[in-house]
Amino acid sequence: MRSPHPLRVSVLAAVAAGGVAGSLLRYALTLVFPASSSGFPWTIFVVNVVGCFALGALPALAAVREHPLLPPLLGTGVLGGFTTMSTYAEQARALADNGHVVLAGTYVLGTLFAALLAVAVAQRLTSRPERQLFEDEEGDL
Amino acid sequence: MTWLFVVLGAAVGAPLRYVLGHLLDDRMPSGTMLVNWVGSFLLGWFTALGLGDHLMALLGTGFCGAFTTYSSFAVQSYDRGRGLGTTIVLLTLGPALFLCASGFALGSLA
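Taken in sequence, the protein lines are chains A and B.
Residues 1 to 141 in our numbering are what the first sequence lists, from first letter to last.
Residues 1 to 110 in our numbering are what the second sequence lists, from first letter to last.
It is worth saying that the hints were derived from the structure and are not from the lab.
Each hint should be verified, as a subset may be incorrect.
Here are some chain B residues pointing at chain A (derived, C-beta under 10 Å) [stated by the list, open to error]:
1. 9
2. 11
3. 19
4. 42
5. 69
6. 70
7. 71
8. 73
9. 74
10. 87
The C-beta atom is built at its ideal place from N, Cα and C for all residues, glycine as well.
So that you can see chain A by itself, here it is in the shape it has in the complex (with noise of 0.2 Å):
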């Protein structure tokens, strides 16, 4: 599974230039709806299920497959910078700390069920032959 390519450094342009889109996108979210010290995290938790959704539906779109260029770009950048660990962590971590430690395990958890379903939902849109190619052009990283 391990790519057979070079680091090229086409791709990482790609990646870069996808990741600072997918993170000015992210950030821009959380000005307009930001998170409130004691609630449910909303704005992280729909980037991220959102976004899940999207990668699992990417290999679909034949246009992205077939520029090598576009898995990277889109998947590996944009929405690998637009979803997140880091702030879900980060806010289970401080809702936890404040004594919201069920909103912060059903935070948690809610994130991962919703986010697998989400995929498991956007993979009925593709192949297995699609998702493959789309893997072996790194989009997925």
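Position chain B against the provided structure of chain A, taking the given hints into account.
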């Protein structure tokens, strides 16, 4: 101009994640797991340090946000089958949460 700091952090974080995934991900996505561990530790640490808005935009929202990923984690876990997938979930989330709390504790010491 805070968004510029997000740009700079993300421009480093995302390609760094790609490189580690490219080099280390196999059936066990060790590279993706590593970035999620390290990024979660760092964000806990940065948060506790009480950095200003621009530094948090650069290091937190930008770097850690782009360095770590939930989408790759979820797709990789789902695609590797029940056994390996469950292992990846446990080995990613457990350490990420623990390391984030550890980073925060470390940053709180000063």
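Evaluation of the provided hints:
1. 9: Result: holds, 8 Å to nearest chain A Cβ.
2. 11: 5 Å, holds
3. 19: With a closest approach of 7 Å, the residue 19/B hint holds.
4. 42: 7 Å, holds
5. 69: Nearest chain A Cβ about 4 Å off; hint holds.
6. 70: 4 Å, holds
7. 71: 4 Å, holds
8. 73: 6 Å, holds
9. 74: 4 Å, holds
10. 87: Where the cut-off is 10 Å and the nearest Cβ of chain A is about 14 Å from residue 87/B, the hint is violated.
Of the numbered hints listed earlier, the single one contradicted by the structure is hint 10.
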